[in-house]
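Number of protein chains: 2
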Amino acid sequence: MEQIFTYAVPAMGIIGLIVMAIKSSWVSKQDAGEQNMIELAGHIARGAMAFLKAEWKVLIYFVIIAGIILAWSGTLVENSSWIISISFVIGAVLSAFAGYVGMNIATKANVRTTQAAKTSLRKALQVSFTGGSVMGLGVAGLAVLGMGSLFIVFYNMFVLSVGGDVNGMEMETALEVLAGFSLGAESIALFARVGGGIYTKAADVGADLVGKVEAGIPEDDVRNPATIADNVGDNVGDVAGMGADLFGSYVATILASMVLGREIISNDNMGGIAPILLPLVIAGVGLLFSIVGTFFVRIKKDTDSVQAALNMGNWVSILLTVAASYFIIDFMLPAGELNLVRNPEVTFTKMGVFGAVFIGLVVGALMSIITEYYTAMGKRPVNSIIKQSSTGHATNIIGGLSVGMESTVLPILVLAGGIYTSFLAAGLYGVAIAAAGMMATTAMQLAIDAFGPIADNAGGIAEMSGLPKEVRERTDILDAVGNTTAAAGKGFAIASAALTALALFAAYVGLAGINSIDIYKADVLAGLFVGAMIPFIFSSLAIAAVGRAAMDMVNEVRRQFREIPGIMEYKAKPEYDKCVEISTKASIREMVAPGAIALISPIIVGFAFGPEVLGGLLAGVTVSGVLMGIFQNNAGGAWDNAKKSFEKGVEINGEMYYKGSEPHKASVTGDTVGDPFKDTSGPSMNILIKLMSIVALVIAPHISINPHHNLPDDAVMEIEAEKETVAENVEVLEP
Amino acid sequence: MEQIFTYAVPAMGIIGLIVMAIKSSWVSKQDAGEQNMIELAGHIARGAMAFLKAEWKVLIYFVIIAGIILAWSGTLVENSSWIISISFVIGAVLSAFAGYVGMNIATKANVRTTQAAKTSLRKALQVSFTGGSVMGLGVAGLAVLGMGSLFIVFYNMFVLSVGGDVNGMEMETALEVLAGFSLGAESIALFARVGGGIYTKAADVGADLVGKVEAGIPEDDVRNPATIADNVGDNVGDVAGMGADLFGSYVATILASMVLGREIISNDNMGGIAPILLPLVIAGVGLLFSIVGTFFVRIKKDTDSVQAALNMGNWVSILLTVAASYFIIDFMLPAGELNLVRNPEVTFTKMGVFGAVFIGLVVGALMSIITEYYTAMGKRPVNSIIKQSSTGHATNIIGGLSVGMESTVLPILVLAGGIYTSFLAAGLYGVAIAAAGMMATTAMQLAIDAFGPIADNAGGIAEMSGLPKEVRERTDILDAVGNTTAAAGKGFAIASAALTALALFAAYVGLAGINSIDIYKADVLAGLFVGAMIPFIFSSLAIAAVGRAAMDMVNEVRRQFREIPGIMEYKAKPEYDKCVEISTKASIREMVAPGAIALISPIIVGFAFGPEVLGGLLAGVTVSGVLMGIFQNNAGGAWDNAKKSFEKGVEINGEMYYKGSEPHKASVTGDTVGDPFKDTSGPSMNILIKLMSIVALVIAPHISINPHHNLPDDAVMEIEAEKETVAENVEVLEP
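Quick mapping for you: the protein sequence lines, in order, are chains A and B. The working numbering numbers the first residue of the first sequence as 227 and each following residue consecutively. The working numbering numbers the first residue of the second sequence as 227 and each following residue consecutively.
Fair warning: there could be bad hints in the mix.
To give a feel for the contact side, a few chain B residues facing chain A, derived at Cβ under 7 Å [to be verified]:
hint	residue
1	Asn262
2	Ala280
3	Phe521
4	Ala561
5	Leu636
6	Ile638
7	Val640
8	Val756
9	Ile763
10	Ser766
The hints are simulated quantities; they were obtained by calculation from the structure and are not laboratory data. Glycine included, each C-beta is placed from N, C-alpha and C at the ideal position.
Pulled out of the complex, with its shape left as it was, chain A reads as follows (with noise of 0.2 Å):
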C-alpha cells in the first residue's frame, strides 16, 4: 500500500507536465500575428532568454562551488552524506528549468494574446491563460517529480537498503540529503527574485527617465532603446521571479513537512512512513486538481466577467483537494492518538491534520483578501493616498507610508492565528501541514498570477503595433484583472513564505538537536535582533541597486541617442540588447551582496555561537521579514493604484483631478518610490527568510549540540543537574 503512494507522487508529478507540454504546444501552435507583432515578441523573447543565459553564467560557478562545499562536508557528519551535492544540483538546475519553461511560454503567450484578442475577449482570455497553466504546471510537475523520485532514491539508498527504521536516523539521514534539493531551489530563486527586481525596476526607470522625460517621446515607443528591456523586466520579474519563489516555497513546506512527519508517535509506536509521505501525496493531488481547475476557466461570452471565471478555477481546484485531502489523511494516517516525539504534550488526531490543511487554505485566502482591500482603487486604503496627494509630494508619501505600515495588521493577526490554532489541531506537525496545504494549489495559483503579466505584455505588443481600439480594450479588461491578481499573488506568497520559513524553523530545531528556543537568554536574545535587521539592510541594498542599475540604464540610452543617428526618425533601430545586456549585468551584479548575506550569515552564527542561537536569528528575520514584506508589497501596490487612478480622474474635495494634475504628479512620485518596494526588495523578503531557514536547516547536523539527540542521556543529566541547583537556592530564598 506504501509503495503505491509512493510511486504515486512521481507519476502524479509525471501527469502535471504532461498536461503542461500539451497546453504547451496548443500556445505554440495560436496565431502570432502580423510581421511587425512578431518581431516585437521575438526582441522581448530574446530579450528574456539572454537574461537567463547572463544569469546561468553566473550561477554556473556558484552552483559547482557550493556543490563541492556541501559534498565536503556532507561527508563530515553522521547523518548526512556527500550525495546531498547531488540533490542540490538537481535543485537548483530543475529551478532553472522551471524559470525557462515559464519564461518561454510567457514570451510566446504574450503576442498569441494580442493576436487573440484581435477576435473576441473570450479567446484572448483563453490563449493568455493557457500560457499562465503551463507555467503553474511546469513549476509544480517538476517540484512533485524531482521530489517524488528523489525520495524514492534516497529512501532505498539510505533507509531500505541497510534495513533502518523509517523514523528513526537513517531517514532522518535521506530526509537531510533531500534538503539539498530544496536548498538548490532556493539559491536559484533568490538570483531570480532579486535580480528579476531590480532588472526589471532598472528598464523600468531607465527608460521612464530618458525616454519619456528627456526626448519626450511615449511609453512603449519603440524608438526607446530600453523599451524591450521593460517588457522583458516585466517577465523576468513578475513571471520567472514569481515562479522561483513559489518554487522555492513549494518544494520547502514539503520538505519541512515531511521531517517533522518522521517524528509523529502514534499510540506509543513510531507512525511509520505515511506522515513522511502525506505532503508529497497531498501536493501531487493538488496538482491534480489544479489541472481540473484551468478548464473551468473560461468565458462564453465576452460580457462575462473574467475575474469570475478565475475565480471558480481556483474554488474548484481548492475544494476538490480539500475533499481529497479529507479521504488521505483518513486513510493514511494511524487512527488514535497522535503527537511528537519532542513534543509529547500536544496529542491530536489524523483529524486534527486535516484540520491543519483546512487553516492553510483559510490563511492563504484571507491573505490574498486583505491585501487586495489595501491595494485595490475604490477602497479606503487608496483614497485617502489620493486624497493626501492634494497637498503635495510629501503628503502623498506619508499617506503610501502610513497605509503600508497599517497594512500589516490584519495579516499578522491572520498568521498569528493561523500559526496558533494548526498547532492547536496537529502541533507542529500541524503547522507545517498547514502550509503544505496552503501551497497544494500552487500550479492554480501560479496559472493565475503568470496569467497578468502576459496580459500586461499582450497590451504593450498592441500598443506599439498600432493595433485598432477594441483590441487593446480587450486586453485592458484582461490586465485589470492581472493587476487585482498580483495584489492577491503577493499576499498569497508572503504568506506561504511565512508558513514554510516556520515549518522549516521546526523542522531546524529537530535536526539541530535542540528542544527549545528560549529568548530569555541573552546570546539568543541577541541572536533575535540581530536577524530582525537583516530584513532592513537586504531592503536597503535592494533599494540603493535598482537606484545604481537605473543609472547604468540611463547612461546606455543616452549613448544611444548620441552615437547611432536617426533613430528619433524611424531611420536606425536602437541596440535593444544593449540595453538588455546593460541591465542584466547591473542586475546579477547588484544581487551578490544582498544574496551573501542571506547566504552566509546563517553559516557565522550557526557556527559561531551555536544552533540555539541560530534559532533566535531565523525568529527574527521571519518576523521582520513577513512585516516589512507586507508593508513595502502594500505600500508599493496603493501608490501605484492611485496613481493609476488619476488616469480615470478622481475627485479631491468636491473638484475632479485627471492625469497632468499637480496631485496627479504627486501620485507619480509616489509610485516611483513604491517600484522598488513592491517589485524588488518587498518580494525579495519571501526568498530572504526562506532561504536562511533552508541554510540551517543544511548545516544543522554540523552545528547539532547532539548529533544523535532526540534528547539524549547527556543533555538530561545536565538538566537535572542545573534543576537540582535552583531547588537548592530556592531552599535558600525561602525561609
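Got chain A; can you put chain B on it based on the hints?
Chain B only, in chain A's frame:
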C-alpha cells in the same frame, strides 16, 4: 553601613535639586532684553504652559482611573498591595513636574540666551547650557529622590516591619509596589512624547503651509498665528518630550536592576540588600558627577569650540562616574562567586558587575557616534541623499529610506554585542546594570540635549526681534552644535530605551514565575509576530495623526486671516493662543489610540494567553520597535540635513545647487516626510517598548503561573514527567 547607603540616595537627589534651584534662579536673574523680546518670549512661555495645562486636564482623569484600578488589583494578589496606586500617582506627578521644570526654564533661558548673545558667545553658551542643566538636574534629581525615598518607605513597610527577608518574597512585594512609580512616570512620558511629537509637527506643518505657502510671509513671522505654536512645539517636543522619555528610562532601569538584584546569590547565600541598592547608588553618584561636569562646560573666548566644551563636561562626568562605580561596587558587593537564583549556570564576580557598567557606557557612546554619522552633513549617507535629490522627489525619498534602513545595522550589532557581553560579565543582572551604567549620567546627557532647543529658540527670537547680525551668528553657532547633539541624543535615547526594555523584560520573567520564553512554542511565536507588528501600527497612527492635526491647524490659521482684519498690516494681533489650543487639543486627541494600544495590548495578551506568550509579545515589540525607531529617526535626520546642505550650496556632478533649485525642492519633500518620522513616530518607539514592558511587570503577579515562583515543586514535577515521556519516546525511536 547599609543604612548609610540607603539614606544617601535621596540625599544625593536633594543635592541635585538644590543645585538645580541655584542654577535656575541664576538664569532667571539674567537680563531678558528689550520689550519686544520679552513679549515674544512671553507668548511662547504661555503657549507651553497652555499645553501642559491642557495635557494635565486630560491626564488627571487617566491617573485617577488607572490609580483606582491599580489599588483594587493590588489587593488581589499576595505579593502586591493597594499602595502601588500611591506609588503610581507619585511617579505620574513627579514626571509631570519634571516636564514643568524643563519647560519653565527653557522658556526663560531662550530669550536670555538671545540677550546674552548680544555680549558674547561665551555668555550665550553659559546661559543656554545652564538652562539645559536645570532640566537635566531636575529630571535626575526628582527621579533619584523619588525612587530613593519611596524605596526606604516600602522597605520599612513591607520588609523590616514584618521582619522579612531582604531577598525574599517580602522584598519582591516592596519592589512590585515600587514598580507603580515607574508605570506612572512612563505613562506620563507616553503623553509627553507622543502628544508632544504630534503637537510640534502639526504646528510646524500648519504654520508653513498657510503662512509660507499661501500667505507668502517668511518663517517665524509674528503675523502668522501659528508661529508661536511652532516655537512652543520645539519646547514641547524636544525639551519636555525628551525629558519625560529619559526620566522614564532612568527610573525603569533602576527598578529593573533592583528587581534582578534581589535574586543575587553570593557563595550559596543570598546577596543581601547591596545588589538591590547598587543601581540607586550608581544613579545618585552619576547625578553628583554630572553636577561636577557642568562646571567644565565653558569657553574662555568666543573662538573656542563649543562642541569641545560640551564633550569635556560629558567626559568628565562619565569618567568620574566610572571611577567611582569601581570603588562603590568593590565596596558594596560581596566577594567571591555570584549568580542569580534563576540562572545559576552563569557565575560572575563583582568585577563583572563593574564590567557591565562599563559596557553600558560604551554602548551609549557608540550609539551616539553612529547616529551622528548617519545624520551629519558632509558624511556619505547625507551626501548620497543630496546626490539623489538631483533626479527628483522620488529618488530623494528612495535615498532617505535606503539610508534609514541601512543605519540600523551598526546600532543593532552594538546593541547585540552589549547584551551578549554584559550577560557574560554578570548574567541578567549585568544586562540591567549596563543599562543603569549608561543612564547614570542622564543629568549631563539631558543638559546637553536641552541646550539645543534653547539655542534654537534663542535664534528664532533674535530673528523675530530684528537684532543685529552678529547676535544671530552667535546663536547659529550654538544651534549648529545643538543639531549635532540632538542627533546623538536620539541615538542615546533609543539605546537606553532598548536596554531598559530588556532589563524590564528580564525582571518581568522573574515576577511572572516563568523560566524561559521559548519561541519554539507556537503560541509564543504567534505572540512574537503580533508584538513585532505593534510598532508598525503605532507608527502608522502617529504619522497619520500628524497629517490630521496639521489640517486642523491649517483651518484655524486660514480662519484667523479671514476673520481678523488687519493682521497682515500689523494692525491686529493674531490669536496665538487659539492656535496653541487647537494644536494642543488635536495632539491630545490623536494620541489616545496609539497610547491605548501600548497600555492595553500587554494586558489582553497576558491575561488571555499567559505570561510566556506575553514574553513573546514583549520581545517582538522591543526588537521591532528598536529597528523602526532607529530607521525613522535616522532617515528623518538625514533628510533634514540633506535639505539644510542646500542652504549652504552643494555640488552635484560638478554643478552647484542652492536654495530654490529643483534638487533643493526635492530635498524639501524628503524633509517634510522625515519630520513626523524623526519627531513623532521614531522617538515614540522608545516609550512604546518601555511602557509595554513596565505594564507587563506590573501585571506579572496577576498572570503569574506560580505566585510563589522561583521554581516550585509542581513545576519541577511537571518538567520531570515530561522528560520521562520524552525519554521513553527516544527509546522507541532508537532501535
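For each hint, the structure was consulted:
Restraint check, B:Asn262 versus chain A: the minimum CB separation of about 34 Å is more than 7 Å; hint violated. Hint status for B:Ala280 relative to chain A: violated, with the closest Cβ pair at about 26 Å, above 7 Å. Hint status for B:Phe521: violated, given a least beta-carbon distance of 38 Å to chain A, over 7 Å. Annotation: interface hint on B:Ala561 violated; nearest CB of chain A at approximately 18 Å, more than 7 Å.
About 10 Å separates the beta-carbon of B:Leu636 from the nearest beta-carbon of chain A, more than 7 Å, and the hint is not met. Checking B:Ile638 against chain A: minimum C-beta separation of about 4 Å stays under 7 Å; hint holds. A hinted interface residue such as B:Val640 counts as satisfied when its beta carbon comes closer than 7 Å to some beta carbon of chain A; here the least separation is about 10 Å, so the hint is violated. Among the interface hints, the one on B:Val756 holds; its C-beta lies about 5 Å from the nearest C-beta in chain A, closer than the 7 Å criterion.
Taken as an interface hint, B:Ile763 checks out: its beta carbon lies about 5 Å from the nearest beta carbon of chain A, inside 7 Å. Look at B:Ser766: its Cβ gets to within about 4 Å of chain A, closer than 7 Å, so that hint holds up.
Going through the hint list in order, the structure does not satisfy hints 1, 2, 3, 4, 5 and 7.
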